[in-house]
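Participant: Protein sequence lines, in the order shown, are assigned to chains R and U. Residues in the first sequence are numbered consecutively from 5, following the working numbering. Residues in the second sequence are numbered consecutively from -12, following the working numbering.
You may find that some hints are simply not true.
When the alpha-carbon atoms are kept at most 20 Å apart in a straight line, the in silico SDA-like pairs for lysine to any residue are as follows [what the hints assert, rightly or not]: (1) R:Lys194 <-> R:Pro126; (2) U:Lys47 <-> R:Ala39; (3) R:Lys67 <-> U:Glu22; (4) R:Lys90 <-> U:Lys61; (5) U:Lys61 <-> U:Pro11; (6) U:Lys50 <-> R:Arg44; (7) R:Lys67 <-> U:Thr30; (8) R:Lys67 <-> U:Gly32; (9) U:Lys70 <-> R:Ala88; (10) R:Lys194 <-> R:Glu215; (11) U:Lys50 <-> R:Glu46; (12) U:Lys61 <-> R:Ala256; (13) U:Lys47 <-> R:Arg87; (14) R:Lys66 <-> U:Gly32; (15) U:Lys46 <-> R:Arg86; (16) U:Lys52 <-> R:Ala256.
Partial list, computed: chain R residues near chain U (C-beta under 10 Å) [stated by the list, open to error]: (17) Glu46; (18) Leu47; (19) His50; (20) Ala52; (21) Glu54; (22) Lys67; (23) Val71; (24) Ala88; (25) Lys89; (26) Arg91; (27) Ile275; (28) Thr323.
With the Cβ distance kept under 7 Å, some of the chain U side facing chain R (calculated, not the full set) [unchecked claim]: (29) Gly32; (30) Ala45; (31) Asp57; (32) Gly59; (33) Arg62.
The hints are simulated quantities; they were obtained by calculation from the structure and are not laboratory data. Backbone N, C-alpha and C fix where the C-beta goes; we use that ideal spot for every residue, glycine too.
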Amino acid sequence: MKRQEEDRERHDDLPGCVAEFLSELIRHMRYRRRAREEVRAELQSHFAEELRECKSEQERQKKAEEVIAGFGDIKLLATLLRRAKKRCRPPWQTVVMRAGQIAGLLVVCFIVYVVWFLAGRPVVTTDYVAQFNRLVRPPADESLNAAPLYICAADMLDGPPADIAEVLKSEYADLSAEQKQRLAAWFAEKREMLDLVAEGAQRPHYWRTYESEEGMLGVFLPHVGSYRDLVRVLGHRARLLADEGQNEDALATIQVCYRHGRHLRAGNKTIIEQIVGMAAQNTASDALLDVLSGRGLEPARLAQLQEELKGLFVDEDFTVRVEGEKLGIYDEIQRCFTAGRFGGEHLYPPRLASLGSTGDGQGEVMFDLMATPRHWGTVARVLFVHPDKDETRATIDRAYDIWAEWMRRTPSQLRDEAIDINDEIERMVQGNLLLEIMVPALGRVHELSYMTKVRFDAALAIVALLRYEAEQGRYPESLNELVAAGYLEQPPLDPWSSGPLTYRRTGEDFLLYGWGENFTDDGGRPGVDEHGDWVFWPVVQGDN
Amino acid sequence: MKFESQLLKGVAPVVVLEILSRGPMYGYELSQAIEQRSGSVLTLGKGTLYPLLYNLEAKKLVKAKWETSDSGRKRRYYSITGKGKEQLTGQKQQLRELSEGLRLVFEWTAA
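With the rest of the complex left out, here is chain U:
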């Protein structure tokens, strides 16, 4: 299932921060991880991913570093910062509460 892009846009930073909280990744790897770990429910377009990463970098929520892989390929690795972790914690809590609120509304509607 593909989400509306506007709906996804709000949660995309949280998703990216959550995945990066498990370890540094480069852009392609990150897009793959999002798709795999969300069971292909969340697909972040490439045109959204890179601007999003640069915005998170500007806000000092992630930091980037060029590294050369064993195959000799140069990649730009992103890792979450302390500030990013703090923000992630807060936003995750908000999303949980949002999810709970939505659940209650949907269950009431169904009843």
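Only chain R is shown next, with the shape it has when bound in the complex:
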């Protein structure tokens, strides 16, 4: 009502029909107020001119109606006026208007996109645990499987007394006589457990059948901790037996440890399992060197030991395989990316958050992130540029394929080619939040693999050198002489130099060492550099 009164005041000297016509026209124009007022003023002026000559109110009314009729359809007129006025707009106004419209459109698109994004949910379509079980199981009868015996042994080991747990964590060389006595007594109590491990080690295969509702994430870690403790038990027991002069039992325990490690490494198990396997083999190599340093073995026993060790690793390639690990990452990809329907194929933040902490719904996680300015970059990445499911899978395939290539090269060869595995892999997975979390430190795994190999090769060479000395009365001048005399098939390779391990006679003894991770010959002095020479012989007690 108020507005109509204002309109009438504006057209006070014009007939009511004109006021109504102008008000309706201006309302239909639906354009900027200023432009509409200008049109109103101009048409008001026009009507005033048209009605100027009219004498009576009746004549004014009639003329006004004629003029109104002359303007034609009011809606069409309003549309024509609006369009014409829009064209009169200065360019900067057009730019501002368009920018505003685009911004509004973008906001609407963003809201629609976020709704679409939040609507997506992952769908687990592939049972990777079942695939993993098929992958790790060799075509063999259950009676040939060492796993039940190892599991049983691990259960029996579970929860050793506190003093024994402390002793097992310590280096054997640091143990007091009293602690060694306590350890020997405990081993006697655990005879059944040790026999189970020994029996398991004699079996040709090892595989476990995994069950996990969480998918492969529940397969990666659960049992390896107890195996690690079992390996410590075997290492300490071998040294203890050697201390007691029971070299045969010590060597048998060392071979059990080697075989146990080999079981964990063989096939396509997870990287963590293979690392524990390597730890077992390294423990065995270190214990073997300790036993050998006592020099209590006859030449014939050394020759036999050499054959036993060669037989133990006749098919060992010491590389780390990643097929099982890949299945684990594939499984996490299907759980961390939404399914390929509405809101599909993009990263699913709650699952990703749950890998490191707990997350609720997709919306809650995203809104929590959005509420923190320092996370806005991450939110933008997740929303707009993060690689999708297929790209992520392709990246991990590419990373593991190239890593398998690098696995065949020694650290020294990689250094010559200026390849830093960690840097290269990091570069490949950069920007992919899932892979940045999931991909292990493959450079370190590569190093561990070659460390295990060189430890074993060095132990085998030392057995041959001790045998040579026992039979020839002196040590050879070089490793080539050892090989030429038929005591060793080939000189042990030093993965951190471009040649064999460095060997030197030192009076009545010898020195055997690798150059270590600094790739430099420090003269066989291990203390020169943290990553310097790795001296295998003479054995320094407590150093391994």
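Fit chain U to the known structure of chain R by using the hints.
Facilitator: For chain U alone, coordinates are given in the frame of chain R:
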């Protein structure tokens, strides 16, 4: 005689520019001038005139300015711009040629 609106629409801008080329005028005055100077042959509806003026203004062919008359009435005066004059010259020439072409066609038809 009243022309078909579509026929008139094509020539309306030229007519408006031609009349404004004689001097500034406001809307009512312009509509009167068109009717008088065309001998009432050309009658531009008010619903056509004002949108047409705003379009010509948008194209910078005319410019508008509010002025107050002696009687105190505010009027919006339109005047032709330099660009408008150029366009008028060109369009007038085209219309002359069109007229000549039509004449020849009509005379031939009559013969």
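Participant: Which numbered hints are broken by the structure, listed smallest first?
Facilitator: Hint check: 1, 4, 10, 12, 16, 22, 27, 28, 31, 32 fail, others pass.
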